[in-house]
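Enquirer: The sequence shown begins at 3 in the working numbering and counts up one residue at a time.
Treat the hints as calculated values from the structure; they're not laboratory data.
Since we're looking at a predicted model, the values are computed, not measured.
Idealized CB from N, CA, C, for every residue including glycine.
Keep in mind that a hint or two might mislead.
Stated by the list, open to error - Here are the simulated SDA-like pairs of lysine to any residue, each with C-alpha atoms no more than 20 angstroms apart in a straight line: (1) Lys77 <-> Leu58; (2) Lys23 <-> His42; (3) Lys50 <-> Val79; (4) Lys99 <-> Lys50; (5) Lys50 <-> Ser62; (6) Lys185 <-> Asp169; (7) Lys77 <-> Gln57; (8) Lys152 <-> Val124; (9) Lys77 <-> Gly41; (10) Lys23 <-> Lys50; (11) Lys99 <-> Ser62; (12) Lys50 <-> Thr16; (13) Lys77 <-> Ile64; (14) Lys185 <-> Val168; (15) Lys179 <-> Val168; (16) Lys99 <-> Asp135; (17) Lys50 <-> Trp29; (18) Lys23 <-> Glu53; (19) Lys24 <-> Gln68; (20) Lys187 <-> Val168; (21) Lys23 <-> Glu96.
Claimed, not checked - What follows is a list of derived Cβ distance ranges for each label pair: (22) Lys185 <-> Pro86: 36 to 42 angstroms; (23) Ser144 <-> Val12: 56 to 62 angstroms; (24) Val168 <-> Ser190: 48 to 54 angstroms; (25) Leu157 <-> Asp74: 14 to 20 angstroms.
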Amino acid sequence: MGTLRLPDVVPPPTEDCGRLKKAFQGWGTDEAAIISVLGHRNESQRRKIRETYQQLYNESLIDSLQSELSGDFRKSVILWTYDPPERDARLANEALKSRNKGINQLQVIVEIACASSPHHLVAVRHAYCSLYDCSLEEDITSNVSLPLQKILVGLVRSYRYDREVVDLDVANLEAAKLHEAIKAKIRS
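The task is simple: from the sequences and hints, build the whole structure.
Expert: Dropping the structure here:
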């Protein structure tokens, strides 16, 4: 994965918003200017740019990007501009609402659930609820068939331990419970 390179001196959000607004004006769109602004700002800076753009121009930066860009570039820039939990919630919803819900479409949910920190996963679930008025688990249940449904619900519902130090007694106890459950399942 590439490293985000921030400029030595980051311009104020008002200046970035001005550059973006100028990139949208005239014939065509100055995609290089959009990349130079949004592609070189971190999450909190992009959030501030979105807020400032709304205040300055009384319009959503996302809506402006939607109307000025096209294709995969538009999708990429818009997803990059969202906060990470909202971006992941939107990607999960897109996967769940696609016509073909095979593992290839749903792997984004597996990636979000398994590669995210526990705190990020909780933030994604909250963002999903606020965007779509239902939980991620509910949408998985209503859009994915068994047995994949059970796996995905289990993944997004689970809370993973996030500390450096592991309590060996707890780990051994949980391993023993899991071992017994597997043995019982094999016997039945």
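Enquirer: Each hint: holds or not?
Expert: These are the hints, each one checked on the structure:
Between Lys77 and Leu58 the CA atoms are separated by roughly 24 angstroms; this puts the pair beyond 20 angstroms, and the hint is violated. Taking the CA atoms of Lys23 and His42, the gap is about 17 angstroms. The hint holds against a cut of 20 angstroms. Taking the CA atoms of Lys50 and Val79, the gap is near 16 angstroms; set against the 20 angstroms cutoff, the hint holds. A C-alpha spacing of about 30 angstroms is found between Lys99 and Lys50, which places the hinted pair above 20 angstroms, so the restraint is violated.
Annotation: proposed proximity of Lys50 to Ser62 holds, straight-line Cα distance about 12 angstroms (limit 20 angstroms). As the CA atoms of Lys185 and Asp169 are separated by approximately 24 angstroms, the hinted pair breaks the 20 angstroms bound. With a CA separation close to 24 angstroms, the supplied pair Lys77 and Gln57 exceeds the 20 angstroms bound. Distance check on the hinted pair: Lys152 and Val124 sit about 19 angstroms apart at the alpha-carbon level, within 20 angstroms; holds.
Taken as a hint, the Lys77 and Gly41 pair is honoured in the structure, with Cα atoms around 14 angstroms apart against an allowance of 20 angstroms. Between Lys23 and Lys50 the CA atoms are separated by roughly 15 angstroms; this keeps the pair inside 20 angstroms, and the hint holds. At roughly 25 angstroms between alpha-carbon atoms, Lys99 and Ser62 are farther apart than 20 angstroms, so this suggested pair is violated. For the hint pairing Lys50 with Thr16, the CA-to-CA distance comes to about 9 angstroms; that is within 20 angstroms, so the pair holds.
The straight-line distance between the Cα atoms of Lys77 and Ile64 is roughly 10 angstroms, inside the 20 angstroms bound, and the hint therefore holds. A hinted pair counts as satisfied when its Cα atoms are at most 20 angstroms apart, and Lys185 with Val168 does not qualify at roughly 25 angstroms. The hinted pair formed by Lys179 and Val168 meets the criterion: a straight-line CA distance of about 17 angstroms does not exceed 20 angstroms. Restraint check: the Cα-Cα separation between Lys99 and Asp135 comes to about 15 angstroms, which is no more than 20 angstroms; the hinted pair holds.
With a C-alpha separation of about 27 angstroms, the suggested pair Lys50 and Trp29 falls outside the 20 angstroms cut-off, and the hint is violated. Of the pairs offered as hints, the one joining Lys23 and Glu53 holds, with about 14 angstroms between alpha carbons and a cut-off of 20 angstroms not exceeded. The hinted pair formed by Lys24 and Gln68 meets the criterion: a straight-line CA distance of about 16 angstroms does not exceed 20 angstroms. Note on Lys187 and Val168: the hinted pairing is violated, with a Cα-Cα distance of about 28 angstroms set against a maximum of 20 angstroms.
With a C-alpha separation of about 29 angstroms, the suggested pairing of Lys23 with Glu96 is violated against the 20 angstroms cut-off. Distance hint for Lys185 and Pro86: a CB-CB separation of about 40 angstroms, consistent with the stated range 36 to 42 angstroms. For Ser144 paired with Val12, a C-beta distance near 44 angstroms fails the hint of 56 to 62 angstroms. Roughly 32 angstroms separates the CB atoms of Val168 and Ser190, a value that falls outside the hinted 48 to 54 angstroms.
Between Leu157 and Asp74 the C-beta distance comes to about 28 angstroms, which lies outside the given range of 14 to 20 angstroms.
The structure shown violates the earlier hints numbered 1, 4, 6, 7, 11, 14, 17, 20, 21, 23, 24, 25.
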